[in-house]
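Enquirer: Mapped onto full-length UniProt numbering, the consecutive letters of the sequence shown carry residue numbers 1 to 747.
Bear in mind the hints are in silico, worked out from the structure with no lab data behind them.
Bear in mind the structure is a predicted one, so any value in this text is a computation, not a measurement.
Warning: the hint list may mix true and false statements.
[Unchecked claim] Straight line, CA to CA, 27 angstroms or less: simulated DSSO-like cross-link-like pairs of lysine-lysine: (1) LYS708 - LYS637; (2) LYS651 - LYS675; (3) LYS598 - LYS637; (4) LYS505 - LYS495.
[Said to hold, decoys possible] Just the calculated beta-carbon pair ranges, DEER-fashion: (5) LEU424 - ALA201: 18 to 26 angstroms; (6) GLY635 - LYS263: 37 to 45 angstroms; (7) THR679 - GLU555: 39 to 47 angstroms; (8) GLY113 - THR52: 29 to 37 angstroms; (9) GLU55 - SER214: 52 to 60 angstroms; (10) HIS266 - LEU424: 45 to 53 angstroms; (11) ALA680 - GLU652: 38 to 46 angstroms; (12) ARG498 - ASP549: 28 to 36 angstroms.
Every residue, glycine too, gets a C-beta built ideally from N, C-alpha and C.
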Amino acid sequence: MTHLPHLVTDLGLILGAAGITTLLFKWLRQPLVLGYIVAGLLVGPHISLIPTVIEYENIKIWAEIGVIFLLFSLGLEFSFKKLVKVGGPSSVMAVIEVIVMLLLGYLTGKTLGWSTMDSVFLGGILSISSTTIIIRAFDELGVKSQRFAGLVFGILIVEDLVAILLLVLLSTLAVSQQFAGSEMLIAVLRLGFFLVVWFLAGIFLVPSFLRKASKLMNGETLLIVSLALCLLMVILAAQVGFSPALGAFIMGSILAETTKAEKIEHLISSVKDLFGAIFFVSVGMLINPAMILTYAGPIGVITAVTIVGKFISVAGGGLIAGQGLKTSIQSGMSMSQIGEFSFIIATLGLTLSVTSEFLYPVAVAVSAFTTFTTPYMIRLSEPLHRWVETVLPQRWMIALDEYSSGTQTVSTTSDWRLVVQSYLLSLTIYSAIIVAIVILAAQYLNPFIKESLFKGDLGDIITTIITLIFMSPFLWALAVRLPKQEAEGRIWANKNYRSLVIVMKFARIGVAIFFIGFLLNQFFTLQVAALVGLASIVLLFVFSRRIQDFYIRIENNFMSNLNAREISEAARMHHTLTPWDAHLTNFEVSPNAAVVGKSLLELQIREKYGVNVAVIDRGERTIMPPTSSERIFPGDKLYVFGSDEQVQAFKELLQSKLSRATDGEAEKEDIRLQKFLVTANSALLHRTIRDSGIREKTKSLIVAVEKKGERIINPDSGLMFEEGDIVWIVGSPWRIRGLELAKQEVA
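Generate the whole structure from the sequences, applying the supplied hints.
Expert: Here you go:
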């Protein structure tokens, strides 16, 4: 008789039990995750109704692989660009929720008499909501198109990144066994450094590789290459002291920016489902029913803390972020559960042997209870909102409405803020790249050269020269490049600020000199390093033009890779993007552009490309807003409102090599994209865009309207304003403020 390895029989038992329970839970219309946990409970060592798993250690290895693929898949759905787009409200609500739940979890644990580490990990477990459960509940209830659902998705995106940070911090805390502020700070800085370096390097290399190899790839090879990239990043993360799950998440987020993202996500879905099922079954195998009965009281308390704490923290964060009472309550009621990341955090505590055995089954039990309550909580959010409205004093409701309306207006960004933000961003990015290059040169390049090619000081000199060549474009960008040239030029025009501008320029040069010294200090004495550093700065300026061209090629390739997915989707998408996916940018018309001499009516820019030409800046004259008969001339600066894809298509129409400005550079000081809320006292209420006279009175252009959750880009002039509408308008801030004053006078 042929002998089967225990691994095969165990796997068959696990999948058989999982198949039966998931079919049952599907029939009961309950989350499949709970079915997997029940399957694990049945095949685990604590219940003997059916055969149990023999070699649990092998299953733990499979479960770790499951975590890797779960995080890889989550990274594919995450995308750092989505994190940038979620905006301030979602970020504020997510941060408030995580902080509040960390504190509540810790205090609850201490109140129950648990150890410090158990309490800390309980806080981490309770701080992250379940993406899978929320998406499933929204689908079943048909609320994905409502405004609060978009806000919740933004919170979940921020939570994903916070969860990764929590894994790192809790690992550090578990190893040190004490709240060492310096160690925590170092852990956060290390995480930030590696996130920046991996993301930048990944976006620069991986999409280019996939694009060049695309002709050789079918579904099978793409799957193998994607999994190989995932596991290579897992190995790299483990080598530098992070969890394998972090590496999988990072590679997923890198691949999420490529044109192959959707296909990769489809290809790995079966692999993720298989290993994910094994992971969740292993979660159930750790549950001891007797322990759940023993800790029934704490489970009830923690479940109540989770539901109430998450509701209050998310709803309170929504009110602070100015999202209004109804949206805040709906968001808070939607996120009152824990899920996948909570299991991973609980597993981390067990793996590191820093938490008690009871914490894991308690966390699973709380997750099960809160999963069952989630759909009911979402359904109750509307009645709860109506009840709160009747209970709150009228003056409180008025104050909340005024506060929410006030936060809808986008404040103008000063030139100083633009310049300082750009300097800090440049310093962060280029510093991380330069430090990474120096570390790689010292750790790998120098030993290789000295062992294989040149011995002694000559090897150090060759290493330094090669490293400086690779560093030079980023040193130039750090010391010389002006990312916000227009804004800095306007600051320079004010003589009172010129000394500050000069100080900032010299500070940038000083940072570049420091990094050169940092490199040279790896191989030479301090005196030699200082002399060579000064010489290198001189050479940096002498060869500035060539280094600039080299840097621009690197940046163009990076930006092309970063935006490849959006550009690709533009070719097959209709113009159905939300107002906050669109933005105001500008282009200067070159003399040989195909649009020169043609009117806006002839070009049919809005009809063909979905964008609106809001302003034409022509020498000393500003045409705002232009009529359909206005013609385009060489040197005109066109201010265009649209999505990234729409703007890219319009840019191609211009048939010239334009470098698209960033949002900050696209805005003149007296031209802004702003929004305001139509209230019950508004002069615009029940009037159409045409009848309102906004175009004539304020020389502004309405480019988008949000009406009852529906977002309308470039609305028709016959659209009627209703209470609660959010109106997006392009024009001069003082003219738009005049419209607001007129509204108040009518009131």
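Enquirer: Need the list of violated hint numbers for this structure, in ascending order.
Expert: 1, 9 and 10
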